[in-house]
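Residue numbers (the working numbering), protein chains in the order written: chain A, 85 to 266; chain B, 85 to 266.
In short, the hints are calculated from the structure, not lab data. Computed from a predicted model, the values in this text were never measured in an experiment. There's no promise every hint is true.
[Said to hold, decoys possible] Once the Cα atoms are required to be at most 25 Å apart in a straight line, the calculated SDA-like pairs of lysine to any residue come out as: (1) K191(A) <-> L244(B); (2) K191(B) <-> T110(A); (3) K191(A) <-> K191(B); (4) K191(B) <-> E195(A); (5) K191(A) <-> W182(B); (6) K191(B) <-> A118(B); (7) K191(B) <-> L123(A); (8) K191(A) <-> Y146(A); (9) K191(A) <-> P144(B); (10) K191(A) <-> D196(B).
[Stated by the list, open to error] If the Cβ cut is set under 8 Å, some of the chain A residues that face chain B in the computed set are: (11) T148; (12) A165; (13) P223.
Note that the Cβ used here is the ideal one computed from N, Cα and C, for glycine as well.
Protein chains: 2
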Amino acid sequence: MAPPIMVTMAAGREGEWRIDTLRTITGEPLLAAARLAVLPGRHPSTDGAVWSLLGSTGAPRYTTQSEQAALVAVQPELGRAQATSGAMIALRKNDAWWSLAADQRRKIFEEDARHIAMSMRFLPAIARRLYHARELGQPFDFLTYFEFAPEHAAAFDELLAQLRASVEWRYVEREVELRLSR
Amino acid sequence: MAPPIMVTMAAGREGEWRIDTLRTITGEPLLAAARLAVLPGRHPSTDGAVWSLLGSTGAPRYTTQSEQAALVAVQPELGRAQATSGAMIALRKNDAWWSLAADQRRKIFEEDARHIAMSMRFLPAIARRLYHARELGQPFDFLTYFEFAPEHAAAFDELLAQLRASVEWRYVEREVELRLSR
Numbered sequence: 085m086a087p088p089i090m091v092t093m094a095a096g097r098e099g100e101w102r103i104d105t106l107r108t109i110t111g112e113p114l115l116a117a118a119r120l121a122v123l124p125g126r127h128p129s130t131d132g133a134v135w136s137l138l139g140s141t142g143a144p145r146y147t148t149q150s151e152q153a154a155l156v157a158v159q160p161e162l163g164r165a166q167a168t169s170g171a172m173i174a175l176r177k178n179d180a181w182w183s184l185a186a187d188q189r190r191k192i193f194e195e196d197a198r199h200i201a202m203s204m205r206f207l208p209a210i211a212r213r214l215y216h217a218r219e220l221g222q223p224f225d226f227l228t229y230f231e232f233a234p235e236h237a238a239a240f241d242e243l244l245a246q247l248r249a250s251v252e253w254r255y256v257e258r259e260v261e262l263r264l265s266r
Numbered sequence: 085m086a087p088p089i090m091v092t093m094a095a096g097r098e099g100e101w102r103i104d105t106l107r108t109i110t111g112e113p114l115l116a117a118a119r120l121a122v123l124p125g126r127h128p129s130t131d132g133a134v135w136s137l138l139g140s141t142g143a144p145r146y147t148t149q150s151e152q153a154a155l156v157a158v159q160p161e162l163g164r165a166q167a168t169s170g171a172m173i174a175l176r177k178n179d180a181w182w183s184l185a186a187d188q189r190r191k192i193f194e195e196d197a198r199h200i201a202m203s204m205r206f207l208p209a210i211a212r213r214l215y216h217a218r219e220l221g222q223p224f225d226f227l228t229y230f231e232f233a234p235e236h237a238a239a240f241d242e243l244l245a246q247l248r249a250s251v252e253w254r255y256v257e258r259e260v261e262l263r264l265s266r
């Protein structure tokens, strides 16, 4: 387990990713911008940024030993040359979710929503990284980040559709989706 | 579930708590200081601080619904008038701990160490709050904060002794204990 990796997602005129679409699924929108910079570490004020969000990786909250072993066996690294498409989806869950105990959240996450088992079907096509943001005092709880080859865009759409139809997603009160290319 | 509460623990010449002892249990020490200020929010540079640590409350990682209900029934609030003794114990766990999956950490935390069940015996005498710090990029993973009446100091010592003898504590690689009074 590597130490936590902090990230600043800054939307503006600069950055490695072009923002192809910015779509508000639920709740308050984010402002439109041309590009997204994914910067290692904390960058409190980025010149010319329309908005910027901070996140940090951390120990998985719900993944069991057998699930973790299965994931490690198939999940790809970020930064693959063919992965010129991407997505950043910022999420916030509601008070009802955060009032649940750990075992209740785990049950919804995996037994009801099949979050891990269902996502596994899309590996190794889709590389992903989860950043936690709630305890950093951010306006979102999670920044979810994905990289894939353009030919896997339909599979990615299917993954999103399945997650959004799940019990877990009833607890999502804010969701903004950026589709990216580089 | 309230939103996360951020805290800055700043040691120096000011603050509501007098630092009676500062004892390094494991790993690198912290510098001695006269007083500890427990400040709401993030205070990046506190005048005259010898050191300062940032933490945030967050959803409990391992507590089940029945454990949470039992805790809510007996755990006291912070800030009781008679609670003029306190403690702040900063902890960091090692890579072996953070490499474990969520169910493995849960098993050690409660089935092996009986962290919740054993701590319950000391409620409502001892009020406490756990701040997470690892994902904030801090030098400790947790800032644990306690308040109790002076006559419960021996019970608090017993609680610490039991936790430190547990399987969970084999994963602690840095621990510094401040005993406080106000």
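Checked hints:
This hinted pair does not check out: K191(A) and L244(B) have alpha carbons roughly 32 Å apart, beyond 25 Å. For the suggested pair K191(B) and T110(A), the alpha carbons sit about 36 Å apart, so the restraint of at most 25 Å is broken. Taken as a hint, the K191(A) and K191(B) pair is honoured in the structure, with Cα atoms around 17 Å apart against an allowance of 25 Å. For the hint pairing K191(B) with E195(A), the CA-to-CA distance comes to about 19 Å; that is within 25 Å, so the pair holds.
For the suggested pair K191(A) and W182(B), the alpha carbons sit about 22 Å apart, so the restraint of at most 25 Å is met. In summary, the hint linking K191(B) to A118(B) is not supported, as the alpha carbons are separated by about 39 Å, beyond the 25 Å threshold. Straight-line distance between C-alpha atoms of K191(B) and L123(A) comes to about 36 Å, which puts the hinted pair past the 25 Å bound. Proximity of K191(A) to Y146(A) is assessed by CA-CA distance (about 9 Å); at most 25 Å being required, the pair is judged to hold.
Restraint check for K191(A) and P144(B): satisfied, since their Cα atoms lie roughly 15 Å apart, inside the 25 Å limit. Of the supplied pair hints, the one linking K191(A) and D196(B) holds, its CA atoms being roughly 22 Å apart against a limit of 25 Å. The interface hint given for T148(A) holds, since its Cβ lies 4 Å from the closest Cβ of chain B, which is under the 8 Å cut-off. With a least beta-carbon distance of about 29 Å to chain B, the hint placing A165(A) at the interface is violated under the 8 Å criterion.
Nearest Cβ of chain B to the Cβ of P223(A): about 11 Å, over the 8 Å cut. The hint is violated.
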